[in-house]
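Make the full structure from the sequences, and use the hints.
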Amino acid sequence: MYEILRKETLSDAVKLMVVSAPAVARKAQPGQFVIVRTDEYGERIPLTIADFDAEAGTITIILQEAGKSTLQMGRMQQGEAFATFTGPLGHPTEIACFGTVVCVGGGVGIAPVYPIARALRDAGNAVISIIGARNRELLFWEDRMRDVSDELIVCTDDGSYGRKSLVTGPLKEILEQRRHEIARIWAIGPAIMMKFVSLTTEPYGVATIVSLNTIMIDGTGMCGGCRVVLEEGAQFVCVDGPEFDGHKVDWDILLARQRFYQEEERAAIRRWEHICRLQHAAAEGG
Amino acid sequence: MPGLTQRQRMSIPRQGMPEQDPQVRSANFDEVALGFTEELAKREADRCIQCARPHCVEGCPVGVLIPEFLSALRDGDMLGAVRAMKVNNSLAAVCGRVCPQEVQCEQTCVLARKGEPVAIGRLERYVGDYELARRTCPLQRAPATGKQVAVVGSGPAGLACAVDVARQGHRVVLFESLHSAGGVLVYGIPEFRLPKSVVRGEIDYAAECLGIEVRVDHVIGRILTTQELIEEYDAVFLGTGAGLPSFLRIPGINLNGVMSANEFLTRVNLMKAYRFPEYDTPVRVGRRVAVVGAGNVAMDAARCSLRLQRLRSLSASESGDEVHVVYRRSRVEVPARAEEVHHAEQEGVIFDFLTSPVEILGDASLGVAGMRCIRMVLGEPDSSGRRRPVPVQGSEFEIDVDTVIFALGTSPNPLVFLGSPGLERTKWGTVVADEQTGRTTVRGVWAGGDVVTGAATVVSAMGAGRRAAADIVGYLQDVPETW
Ligand SMILES: Cc1cc2nc3c(=O)[nH]c(=O)nc-3n(C[C@H](O)[C@H](O)[C@H](O)COP(=O)(O)OP(=O)(O)OC[C@H]3O[C@@H](n4cnc5c(N)ncnc54)[C@H](O)[C@@H]3O)c2cc1C
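Protein sequences, first through last, are from chains A and B.
Numbering of the first sequence is given in the numbering used here, commencing with residue 929 and proceeding in unit increments.
Numbering of the second sequence is given in the numbering used here, commencing with residue 1123 and proceeding in unit increments.
Keep in mind the hints are simulated off the structure, nothing from the lab.
Here the structure is a predicted model, which means the values were calculated and not measured.
Just so you know, not all the hints are guaranteed correct.
[Claimed, not checked] Below 20 Å or equal to it, Euclidean Cα-Cα: the simulated SDA-like pairs (lysine to any residue) are:
hint: 1; chain 1: A; residue 1: Lys955; chain 2: B; residue 2: Pro1536
hint: 2; chain 1: A; residue 1: Lys955; chain 2: B; residue 2: Thr1347
hint: 3; chain 1: A; residue 1: Lys955; chain 2: B; residue 2: Glu1350
hint: 4; chain 1: A; residue 1: Lys955; chain 2: B; residue 2: Glu1353
hint: 5; chain 1: B; residue 1: Lys1394; chain 2: A; residue 2: Ala1195
hint: 6; chain 1: A; residue 1: Lys1176; chain 2: B; residue 2: Leu1377
hint: 7; chain 1: A; residue 1: Lys955; chain 2: B; residue 2: Arg1337
hint: 8; chain 1: A; residue 1: Lys1176; chain 2: B; residue 2: Pro1373
hint: 9; chain 1: A; residue 1: Lys955; chain 2: B; residue 2: Glu1354
hint: 10; chain 1: A; residue 1: Lys1123; chain 2: B; residue 2: Leu1377
hint: 11; chain 1: B; residue 1: Lys1394; chain 2: A; residue 2: Gln1000
[To be verified] Away from chain B, derived, C-beta distances all over 12 Å, residues of chain A:
hint: 12; residue: Arg1003
hint: 13; residue: Pro1118
hint: 14; residue: His1208
[Claimed, not checked] Chain A is faced by these chain B residues, among others (derived, beta-carbon under 10 Å):
hint: 15; residue: Arg1371
hint: 16; residue: Asn1378
hint: 17; residue: Glu1400
Glycine is no exception: its CB is placed at the ideal position from the N, C-alpha and C atoms.
See below:
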């Protein structure tokens, strides 16, 4: 069992958890992920590693409550434990001194972008970061990102904080003005954001790396549920990724595949909410 | 019963296995074969004529002491039967259920020459289940040697190796990447063929008796590398299986509703998706499913699909649901266990022989709208000795399906090879290992099971695990200079 040592509420639907997993923490590197399961009944959920501390033996994960499983995880408290916490999985981010790089984090994607930005900065890069969310509520880690960036641009879709823009707005400006400076771009966030970041950067020919969070089960190459179609053919996110060249990804197939279990997810949420209400009523009544 | 003449024994008919009715069982995931009663088991064991030179054992990759356990059963000596069984097989309840007996022990049974062989598999299961329920004869462990062995992968190969090494007093740590031990026995083979409580029972029992430490959630290659294991342990055995699925190289394989049998079966078995939403993991089968391939994996995928459809239609009363097995060769070449094919047909799975997919057709939302196939004929035998299927020009046709499950070959799980310098592999990705000893090209590292042979059988994987264990035990006794 893997104990939750600390829990922080970053926003209504975004929770941070520091989990005790010493053997995983010893090996974790930026860009990798873990597979987490709440209990015997739970799904295996891939979550990108948001931070790690080998000495303390901890891994930090950040989850956005979306489906039944993440809702349930979000309700777990400090002192409770996960049944499964497997990792570190996936290839680590390639870290080197490239020159000037841009790190784009959207929504909950800010979490995994953070250790990458930090490692890139430590490797001697000039790091420009762009973080964005739908609104102020959903934004987090501005301070942390500022610490590891030479320049930080914050935006919200609705303008409730920072600049009112999608992350692609400032990104395009940077590319217009300083195309030749920028060596590489990392973008992590919802698939639709990564798609548009890739479309934005493609005309400028700047290598753009995205980290894909597909449907996945075992995370070790056995099911193929996470396959993504690239120019050169299908690859598995769990063992070949999770990072890929955003210009080569077939985004339409990716987006369609992500929606495959939408109906079941909705049914599961309805059932979960019903159970929560019953529990609540019982607690009130008792 | 003692005292019967050979003639009397040979006149007893082979006892049938009590089974759930096909109509009933195709709408549940409970075990199909209910197991022999004491009476059936006795009567079946009475059929064994105890040949002077038995051939049944030659047919068994782990050399189960078949005449001995059958003789004890005949005498009503259950303890003796269990004891004889456990000499060479500590997974009897599993093997009795899933081994292809018809091409192993039962094929070489003398009775098979003139009539039907002794139902060795069913009796093996009977003995295994008896012992699981009663634990009469715990595995014994030699005094601790102070040596320790890492076993990677908890499928049949790893389990068999772990048991034999631990019996000799070595400390064994078993590393498994998934959250439960058992390999294909838990993630691949469905509940209705091999209840998970049986797998867990066998593993827990052996691990408790022998002090085997099982570490789940450990992906070797990531959390620890083989190289690191070599440094920490006196010997390392790799039994990581061949679970990497392959898809046909035809258009449409990435549409929604196309999946590997491994994904489908892992959802259903390991994650218990057939009990969604009680369990969180969903699985989706459509109204018309095509399973491509005809091995055990295909039969399991087809029969799970059928059950999911029927479970759904219990509440929605749909008709027109169909499950097809699409196979490019003919019935004769079907590689699955005979019993599975028979059960699948009884339950209503439709077989399309001499048919090969050429394209999966998509709809506007990137779902499956159908599958284009071509008819095949059998030509000259190929390198595997089976007649090669050849497409019939101009015979293409469409079948109406919304779900396609690929149950084709698999290759070795890739992650264990990260951080294992010097470990040689073949062009198919399988590990190069000595057939007798399991030694790989790296000193102190053995391998066996599907990771060496490619997808094979439970008992052949166990055999490889046991041969490697024997070599490991010898090696640890007196570590040689050379490898
Ligand atoms: C659906 C299906 C049905 C089958 N039906 C039958 C049948 O009826 N009869 C029969 O005889 N055979 C059957 N087979 C074949 C049989 O199951 C396999 O041949 C056998 O399980 C191989 O055993 P193994 O120990 O080599 O590998 P596996 O059973 O595959 O076990 C390997 C284990 O290693 C783990 N692993 C992999 N990589 C790592 C890593 N890096 N670190 C840690 N652990 C790792 C895996 O998670 C897995 O648990 C079937 C196979 C399938 C898929």
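So, going through the hints one by one against the coordinates:
1. A:Lys955 x B:Pro1536: 18 Å, holds
2. A:Lys955 x B:Thr1347: 10 Å, holds
3. A:Lys955 x B:Glu1350: 12 Å, holds
4. A:Lys955 x B:Glu1353: 17 Å, holds
5. B:Lys1394 x A:Ala1195: 17 Å, holds
6. A:Lys1176 x B:Leu1377: Within the cut-off at roughly 18 Å; holds.
7. A:Lys955 x B:Arg1337: 17 Å, holds
8. A:Lys1176 x B:Pro1373: Judged against 20 Å, a Cα distance of about 18 Å means the pair holds.
9. A:Lys955 x B:Glu1354: Holds, at about 17 Å.
10. A:Lys1123 x B:Leu1377: Holds - the C-alpha atoms of Leu1377 of chain B and Lys1123 of chain A are around 19 Å apart, at most 20 Å.
11. B:Lys1394 x A:Gln1000: 18 Å, holds
12. Arg1003: The claim holds: Arg1003 of chain A sits with its nearest Cβ about 14 Å from chain B, beyond 12 Å.
13. Pro1118: 19 Å, holds
14. His1208: 19 Å, holds
15. Arg1371: For Arg1371 of chain B, the interface hint holds, since the closest Cβ of chain A sits about 9 Å away, which is under 10 Å.
16. Asn1378: 5 Å, holds
17. Glu1400: 7 Å, holds
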